[in-house]
Amino acid sequence: MTSSSLRNDNLIYFDNAATSFPKPPTVMEEMMKFMKSIGGNPSRSAHSMSVEASNIVFEARTKLAELFGVKNPMRVIMCFNATDALNLAIQGLLTEGDHAIMTSMEHNSVARPLKELEKRNKIKITVVKASNKGIVASEDIARAIIDTTKLVVVNHGSNVFGVVQQIEEIGKVCRTANVPLLVDASQTAGVIPIDVGSDNIDLLAFTGHKALGGPPGTGGLIISDNFDHSTLRPLRFGGTGSYSDKTYQPTFIPDMFESGTLNTVGIAGLLGGIDFLEKYGGIQKVYAHKKKLTKYFYNAARDNIRKIKFYIEPEICETGVVSFNIEGMEPSLVAQKLSDEYGIMARAGLHCAPMAHQTMGTFPRGTLRFSFGIFNTEKEIDRAVDALATISKG
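Residues are numbered in the working numbering as their position in the sequence shown, beginning at 1, plus a constant of 69.
By construction, these hints were calculated from the structure, which means they are not laboratory data. Take the hints with a grain of salt, since some may be wrong.
Unchecked claim - Each computed PhoX-like pair below joins lysine-lysine, with the alpha-carbon atoms no more than 20 Å apart:
(1) K132 with K92
(2) K348 with K132
(3) K354 with K132
(4) K193 with K219
(5) K219 with K188
(6) K132 with K184
(7) K364 with K378
(8) K184 with K198
(9) K364 with K376
(10) K102 with K92
(11) K364 with K448
(12) K448 with K360
(13) K448 with K202
(14) K241 with K198
(15) K376 with K406
(16) K198 with K219
(17) K378 with K406
(18) K241 with K219
(19) K219 with K191
(20) K241 with K361
(21) K92 with K348
(22) K202 with K378
(23) K378 with K241
(24) K406 with K202
(25) K406 with K462
(26) K132 with K102
Remember, it's a predicted structure, so these values are computed and weren't measured experimentally.
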């Protein structure tokens with residue numbers, strides 16, 4: 070039996086750290102409503118369809134500002150995903166001769182932009198290593214800061230091991246040193262409460278297509294109310310619908326950073342995802358559900374799969390992401406069997422985070438990753454444990 074024949078009724082999706090599935094019904098409803106009834110280009114015309122599109126974008130900014138603790142919704146910059154937002158922050162802030170700090174738990178969406186600037190001899194980088202539990206000490210961040218440090222970048226929640234960094238404490242260190250803190254919240258937005266003010270965050274990159282429930286092609290950069298946006302250079306230049314008599318880029322937000330037509334239909338879907346999140350019970354309920362499933366899987370797997378190896382204890386797995394291996398078996402082979410023979414979707418390999426695997430001792434083999442979402446159930450976990458138990462017997 071192939072996975073395609075299981076897709077309608079029996080598919081189990083444990084790859085929510087890559088993108089959440091299924092999407093809430095409100096996401097499709099809002100996207101269809103936009104495509105069928107609105108369809109205009111926001112901020113480009115004065116007619117009613119354009120105005121309606123602009124209202125959708127503004128409402129999404131307002132909801133996201135409330136979610137992340139920003140007073141001014143214009144400080145929510147719409148991007149195409151978290152990678153886009155991280156590139157805007159990294160390439161927009163750093164200049165030649167600067168020093169940047171990142172952690173050993175970073176995703177390649179942080180590592181590659183920094184490494185590219187380093188390769189061009191523009192900047193120098195220090196990588197602060199996490200503990201064997203994947204946690205970065207704020208004291209180690211403090212020791213790494215030097216006179217030329219212009220940016221600290223921290224992965225809030227690991228996409229491989231589910232551990233969450235103490236952002237507030239790291240932010241205090243950065244505040245004391247007057248160094249901007251950029252947080253990659255790809256895995257935590259919609260799962261862990263985040264307040265850029267109280268958490269001492271200057272710039273926060275988020276994606277819309279994971280725990281927020283939105284479609285691919287959505288995300289953004291949150292600029293804190295106290296951060297001087299003029300120190301950030303745009304990543305792209307072009308039409309914004311504002312100051313059209315000028316050939317120079319606008320210098321006010323959000324237009325300064327949003328050249329070209331926005332993914333308005335995607336933003337409408339993201340707004341639907343946020344609305345669903347509110348009706349579901351909010352972030353705390355999402356967190357509780359993911360923690361419950363994580364603990365349930367750990368216990369069931371340890372009781373029934375003798376060859377399973379975990380790398381993090383369930384108590385510090387915060388986002389519903391669990392990495393493991395079956396001893397003596399390649400994770401890619403196990404993932405393929407789960408998909409082809411049992412209709413269980415998971416991800417194997419290095420998960421675009423080689424430094425995290427090096428930190429945790431799972432490089433270059435990688436791991437098999439289950440990542441649970443709000444629509445997953447304990448019954449699905451039971452099926453997955455049974456499948457893994459059978460596969461492990463070889």
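Okay, the hints, checked on the actual structure:
1. K132 with K92: holds (18 Å)
2. K348 with K132: Judged against 20 Å, a Cα distance of about 14 Å means the pair holds.
3. K354 with K132: It holds: about 18 Å lies between the C-alpha atoms, which stays within 20 Å.
4. K193 with K219: holds (10 Å)
5. K219 with K188: Satisfied, since the Cα-Cα distance of roughly 18 Å is no more than 20 Å.
6. K132 with K184: violated (34 Å)
7. K364 with K378: Between K364 and K378 the Cα gap is close to 15 Å, so the pair holds against 20 Å.
8. K184 with K198: holds (16 Å)
9. K364 with K376: holds (18 Å)
10. K102 with K92: holds (16 Å)
11. K364 with K448: Judged against 20 Å, a Cα distance of about 14 Å means the pair holds.
12. K448 with K360: Given that 20 Å is the threshold and the Cα spacing comes to 16 Å, the pair holds.
13. K448 with K202: Measuring from Cα to Cα gives roughly 29 Å; hence the hint is violated.
14. K241 with K198: holds (19 Å)
15. K376 with K406: Satisfied, since the Cα-Cα distance of roughly 16 Å is no more than 20 Å.
16. K198 with K219: holds (19 Å)
17. K378 with K406: holds (18 Å)
18. K241 with K219: Roughly 15 Å separates the two Cα atoms, so the pair holds.
19. K219 with K191: Answer holds: K219 to K191 is near 13 Å, not above 20 Å.
20. K241 with K361: violated (31 Å)
21. K92 with K348: holds (14 Å)
22. K202 with K378: Holds, at about 15 Å.
23. K378 with K241: violated (36 Å)
24. K406 with K202: Distance of about 29 Å is beyond 20 Å: violated.
25. K406 with K462: Holds, at about 13 Å.
26. K132 with K102: This hinted pair holds, its Cα atoms lying about 19 Å apart.
Hint check: violations occur at hints 6, 13, 20, 23, 24; the rest are consistent with the structure.
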